[in-house]
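Please build the complex by placing chain X on the supplied structure of chain Y, with the hints as guidance.
Given next are the chains, with one letter for each unit.
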Amino acid sequence: MPALFLTLREVGPITIVDLSGRISLGEGSALLRKTIRDLLETGQIKILLNLGDVNYIDSSGIGELVSAFTAVRNRSGELKLLNLTKKVHDLLQITKLFTVFDVYNDETTAVRSYQ
Amino acid sequence: MTPETKHLEVILDTHVESVNLAEEMCLRVAEAVGFSEDECYRIGMSVREGVINAFHYGNQEKPSKKIHLALDLTQEKMIIHVMDEGKGFKLSDVPDPLAEENLLSTSGRGIFLMRTFMDEFDVVPGRTGGAEIIMSKKFPAGGKASGNGNHGNTSSDAAPKQEA
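Chains as they are written, first to last, in numbering that gives the first Met the number 0: chain Y, 0 to 114; chain X, 0 to 163.
A few of these clues could be false.
Not everything, but these chain X residues come out facing chain Y in the computed CB check (under 10 Å) [stated by the list, open to error]:
id	residue
1	His55
2	Leu103
3	Ser106
4	Leu112
Straight-line distance between alpha carbons at most 25 Å, and here's what the computed BS3-like set of lysine-lysine pairs gives [to be verified]:
id	chain 1	residue 1	chain 2	residue 2
5	Y	Lys33	Y	Lys45
6	X	Lys86	X	Lys61
7	Y	Lys45	Y	Lys95
8	X	Lys64	X	Lys86
9	Y	Lys86	X	Lys137
10	Y	Lys95	Y	Lys85
11	Y	Lys95	X	Lys89
12	X	Lys137	Y	Lys85
13	X	Lys76	X	Lys137
Calculated from the structure, these hints are not laboratory results. For each residue, glycine too, the CB sits at the ideal point set by N, CA and C.
If we strip away everything but chain Y, and leave its shape as in the complex, we get:
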């Protein structure tokens, strides 16, 4: 099963994290956790997670997204989600997290939404 891959890019003060693969128990969740922690340690508090190529998230991955969301918010930052696949969208809906996260389908709109 494919692991999680991610790359970072910056658009102004916003760090966009492009993810692909699975956010699940083990390496996927651990990599996301480390990436968010590293970004916060370097003062990056405006983070946009592009999940366009994430085809699978389990409960561990959901927990990691929530953990990232609260960690960024505790630093007075904003973590938002971009380009949810249908499976991830449905998963966030049934867990009622779709109303918690700020979700966008368009990168330009997402970038403009940051304060």
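Structure of chain X alone, referenced to chain Y:
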């Protein structure tokens, strides 16, 4: 178990890799007996969550304990059993992850996902001393699934246990 039931059972180590192994094994069976891609996703996710539950909460990630995974293919449905060697738990004690106060919890959604994705779901005291998750998915159209599984056509005893 009726003569028409096919049974498969494996014993898994309490290790993260067992989660992937269990998911892949059940996915192959689900695909072989003709479940749709969407149903296979739900079955795979549920098995994954059941084994994560056994790995993390039941066996508390102790390598000395084992996770027991069993599949029954009856005429009507695929039944999955996940047993741990922990202390067991009651479903009524599991917090509701959809409650406002739990929405930002970083854990506790596994049981909810299994309940949502499977047709039947229960937790009972297991023969391994811990909890036994029992969940099932009915074959499409209430009858036998298509595909090359041929379940229900021949009698089959329990397969030899494999150490993963």
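Results for each hint:
1. Interface restraint check: X/His55 against chain Y, minimum CB-CB distance 8 Å, threshold 10 Å, status holds.
2. Among the interface hints, the one on X/Leu103 holds; its C-beta lies about 6 Å from the nearest C-beta in chain Y, closer than the 10 Å criterion.
3. Using the Cβ-Cβ criterion of 10 Å, the hint placing X/Ser106 at the interface with chain Y is satisfied: the shortest such distance is roughly 5 Å.
4. Nearest Cβ of chain Y to the Cβ of X/Leu112: about 6 Å, under the 10 Å cut. The hint holds.
5. Restraint check: the Cα-Cα separation between Y/Lys33 and Y/Lys45 comes to about 16 Å, which is no more than 25 Å; the hinted pair holds.
6. For the proposed pair X/Lys86 and X/Lys61, the alpha carbon gap of about 13 Å is at most 25 Å, so the pair holds.
7. Distance check on the hinted pair: Y/Lys45 and Y/Lys95 sit about 23 Å apart at the alpha-carbon level, within 25 Å; holds.
8. Only pairs whose Cα atoms come within 25 Å are accepted, and X/Lys64 paired with X/Lys86 is accepted, the gap being roughly 12 Å.
9. At most 25 Å may separate the alpha-carbon atoms for a hinted pair to count; Y/Lys86 and X/Lys137 meet this at roughly 21 Å.
10. Of the pairs offered as hints, the one joining Y/Lys95 and Y/Lys85 holds, with about 15 Å between alpha carbons and a cut-off of 25 Å not exceeded.
11. Only pairs whose Cα atoms come within 25 Å are accepted, and Y/Lys95 paired with X/Lys89 is accepted, the gap being roughly 24 Å.
12. A C-alpha spacing of about 24 Å is found between X/Lys137 and Y/Lys85, which places the hinted pair at or below 25 Å, so the restraint holds.
13. For the proposed pair X/Lys76 and X/Lys137, the alpha carbon gap of about 4 Å is at most 25 Å, so the pair holds.
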